[in-house]
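The residues making up each chain are set out below.
Number of protein chains: 2
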Amino acid sequence: MIESTLISPLPAKSAKRQLVPTQQVLIDYISQIAPLSDAEIQAIIELVNVKTHQKGKLLLREGQIGNTCFFVLKGCVRQYFLVDGDEKTTHFFTEGMPVSSTFAYENKPSKFYLVCNEDCTVVEGRPEDEQAFFQAMPRMETISRVGAEMELQKSQEVLAEYITLSPEERYLNLLQTRPDLLDRVPQYQLASFLGVTPESLSRIRKRIMMK
Amino acid sequence: MIESTLISPLPAKSAKRQLVPTQQVLIDYISQIAPLSDAEIQAIIELVNVKTHQKGKLLLREGQIGNTCFFVLKGCVRQYFLVDGDEKTTHFFTEGMPVSSTFAYENKPSKFYLVCNEDCTVVEGRPEDEQAFFQAMPRMETISRVGAEMELQKSQEVLAEYITLSPEERYLNLLQTRPDLLDRVPQYQLASFLGVTPESLSRIRKRIMMK
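Chains A and B are the protein sequences, given in the same order.
If you're matching positions, the first sequence starts at 170 in the numbering used here and goes up one per residue.
If you're matching positions, the second sequence starts at 170 in the numbering used here and goes up one per residue.
Only chain A is shown next, with the shape it has when bound in the complex (with noise of 0.2 Å):
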């Protein structure tokens, strides 16, 4: 008897929570920092505050105090600023990328737009959230350091990348990075993304069609 429950079925493995694809999502971006248990990973899904929005729905205004991070587990949504009344696109966050807001250190005013260009769900993070979430799994401080030195290694790759490339070139290096953005945002969104006109995207889709 004894025997028959030491072999009977895997006790561990049938306590595994089976995770949906959007917390599949989030659990892909922490393990790749740290390996997690099946404890943390259950932790993690409890601890975290998911919402869905709408296509459309505006997470930030220009001159609101953004005080909540995202993470997008599914959707787009759409970093831009309003200038002179033109809608300028400076970024595009997809499935599995943390959504910088102001809230990391210092109140002031937005200068941005975020608005999801997709029906949307995300991981919200206010303040108060970010301390519980910490005080209940303090190793979760360390992966947070090091996402976030990730992330900036990132964002200052995509800032050399638009320093040092053409627009041609940077057509091509999205075509390569994140060739899903490309049938998912419309087209005068990329080209204010990639800092052209919709016309002069349009000759660069037609130049690259060629080759």
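Heads up, a few of these hints could be off.
Claimed, not checked - To give a feel for the contact side, a few chain B residues facing chain A, derived at Cβ under 7 Å:
#	residue
1	E310
2	A317
3	E318
4	A329
5	I332
6	R339
7	Y357
None of these hints come from the bench; they were simulated from the model.
We treat Cβ as the ideally placed atom computed from N, Cα and C, and that holds for glycine.
Use these hints to put chain B onto chain A, whose structure you have.
Coordinates of chain B only, in the frame set by chain A:
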């Protein structure tokens, strides 16, 4: 006698370490994130690894695996990419700026160079230094996380400005936010950083002086 001891020359204050200007740069940076006690200031000064380098010294080469982080106490570190034999300048790190290298999350070869554009005094941090630092002062883990988030914010702001501003506006922005830079770096490097030719930069400067 006892009374005279109590009012004798403030021992706390006299024990306070006098910081040299380069040390002050680091302490000012950290203090903007969280106030530091005198004991913490002393511990930080003793723990960090300060190095001086002559102008022209390469801190990182393309292809090298960067495992050191820097923080500029004095001087200017320039980041550049070598594109078809031309140096494309993508960042100037001056006093009070952390220099992100490829150390944080992936041991992949660097795509860029880091060169001392002037004689430099920097804090150097290798992974083992960092670990010793956090072990000695666990609170620095939180401060470093907030610092990394703050730098991410700034980096995304610089990228957004780069995308939304014209070269002339970029120059005016630099004149406002980092006026020292315009005097201390060669014009051809500044032009490269602004994404224009040296001739265009010269025209931009003339136009601005005429206004």
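Here is what the structure says about each hint:
1. Here the hint on B/E310 is kept, as its CB sits about 6 Å from the closest CB of chain A, short of 7 Å.
2. Hint status for B/A317 relative to chain A: holds, with the closest Cβ pair at about 4 Å, below 7 Å.
3. With its C-beta approaching chain A no nearer than about 4 Å, B/E318 sits inside the 7 Å limit, and its interface hint holds.
4. The beta carbon of B/A329 is positioned within 7 Å of a beta carbon in chain A (closest approach about 4 Å), and the interface hint is therefore held.
5. Interface hint status for B/I332: upheld, as the beta-carbon distance to the closest one in chain A is roughly 5 Å, under 7 Å.
6. Here the hint on B/R339 is broken, as its CB sits about 10 Å from the closest CB of chain A, past 7 Å.
7. The restraint placing B/Y357 at the interface with chain A is violated, with a minimum CB-CB distance near 14 Å, outside the 7 Å limit.
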